[in-house]
Structure formats: structure tokens, C-alpha cells
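Novice: Since chain A is already given, all that's left is putting chain B on it; use the hints.
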Amino acid sequence: NAGVTQTPKFQVLKTGQSMTLQCAQDMNHNSMYWYRQDPGMGLRLIYYSASEGTTDKGEVPNGYNVSRLNKREFSLRLESAAPSQTSVYFCASCRRADQPQHFGDGTRLSIL
Amino acid sequence: RKEVEQDPGPFNVPEGATVAFNCTYSNSASQSFFWYRQDCRKEPKLLMSVYSSGNEDGRFTAQLNRASQYISLLIRDSKLSDSATYLCVVKTSYDKVIFGPGTSLSVIP
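These protein sequence lines are chains A and B, in that order.
First residue of the first sequence? That's 1 in the working numbering, and the numbers climb one at a time after it.
First residue of the second sequence? That's 113 in the working numbering, and the numbers climb one at a time after it.
Hints in this document: simulated from the structure, not taken from any laboratory.
Built from N, CA and C at the ideal position, the CB exists for glycine as well.
Distance condition first, Cα-Cα at most 20 Å in a straight line; then the derived DMTMM-like pairs of lysine to aspartate or glutamate:
#, chain 1, residue 1, chain 2, residue 2
1, A, Lys57, A, Glu79
2, B, Lys157, A, Asp38
3, B, Lys154, A, Asp38
4, B, Lys114, A, Asp38
5, B, Lys157, A, Asp105
According to the in silico footprint, chain A covers these stretches of chain B (three or more CB under 8 Å from chain A):
#, region
6, 155–165
7, 208–220
Only chain A is shown next, with the shape it has when bound in the complex (with noise of 0.2 Å):
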């Protein structure tokens, strides 16, 4: 009964090192989200897939790209990464527009 699944839970990265987050939803789910989540910011969304084979830019996308690899599976690359890049990372998935989201345990990310 794993839900969604995001890995690492942990990362510490330098400055210009690039890194892939992943995610992974096993409840057949149509739509997945990338957010990220700063202090006095609540969660803002990076990228969303609202199907396989689609992805649309969210609130803040800058510095990042995603890739819906099949059904199950949406990735998250930081290609440079940069200090204000440092943050905690959700993955979410939802069935349909109409559903509430199931979250990942999160992906803390910190970037010197």
C-alpha cells in the first residue's frame, strides 16, 4: 500500500550539480505535481501532468524540468542547481481534476 513514493528524502547538492527527483504513484492515478514548499510560502507548484505524455508549467518552473516517464512515474530535474533552489519537494497524484491529491513523504533538499 505504498501510495506515492518520492526518493531521495534527503539531498545536499553544490552549486551548478544537477539532480533528479523521482516519483512514483502505484494507485493508477491520471495527474501528478511536483510542488515545492518554503517557510511563510506554503506549497507552490512547479510542474503538473495532468495525463502521461503531458506536462504544463506551474507557479514557479524556472530552474527546473520534468519528465512523465510512463503512467506511474513523473521526474524532476534541477539541471544547475542553485541556493534558492533549496527547499522541501512534494510529489502529489490525483485520479481526476475533481479528486483530492495523495502526497509523497516529501524530499528535502538543501543546496550550498
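Specialist: Here is chain B on its own, set in the frame of chain A:
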């Protein structure tokens, strides 16, 4: 103006109190509405969906006013375990999701 706004908080209330959270949204095309709670350093968890007719789940009551673009959450008989941040969530018809900044609640013995 932010797309989803919430009471800034924090709310500090005694056990047993009734507390209400307000949320407003700017996109009239918004279709679905939810309240999530988030405990410190944990992932958000669904508290309840919000339906046009209003809905209740135990001590929690959610209301939606589409004309005023306003959502509310009422918690009756607050428990210590209700201490958390409450997030208002709005989904548009094209599956875009916006979270409010959250309102922090501390229930005090």
C-alpha cells in the same frame, strides 16, 4: 493579488474552542475545493473536500460560497491534536492546483 489567500494566523485557541478559517480565491473558473492539514515537516493530508451545499465531518464543517469566491472551515470543540497548519486548495477546470499559504492553529491546554 495571490490566487488563493487565507487568514494569516497564527490562531492560538484553548481546548474546546470553536475556530473558523477563511479562504478566498480569485479564479472564478475554479471547480474543486479542499482543505488539507499539514503537521510540522510532514506532507499535507486531505482533511475534507468542500462541496457547494456545504459538508460536515464530525467536528469539521466546510462551506463554499461561489458567488463570493470564499471557502471556510469551522472546527468545533478543538482538540490538542488539531494543532497544525490548515491549507486551502483550489483546483481549476484544467487541473491546475493552487494551495493557499496556510493558517497555523495552536490549541492550548
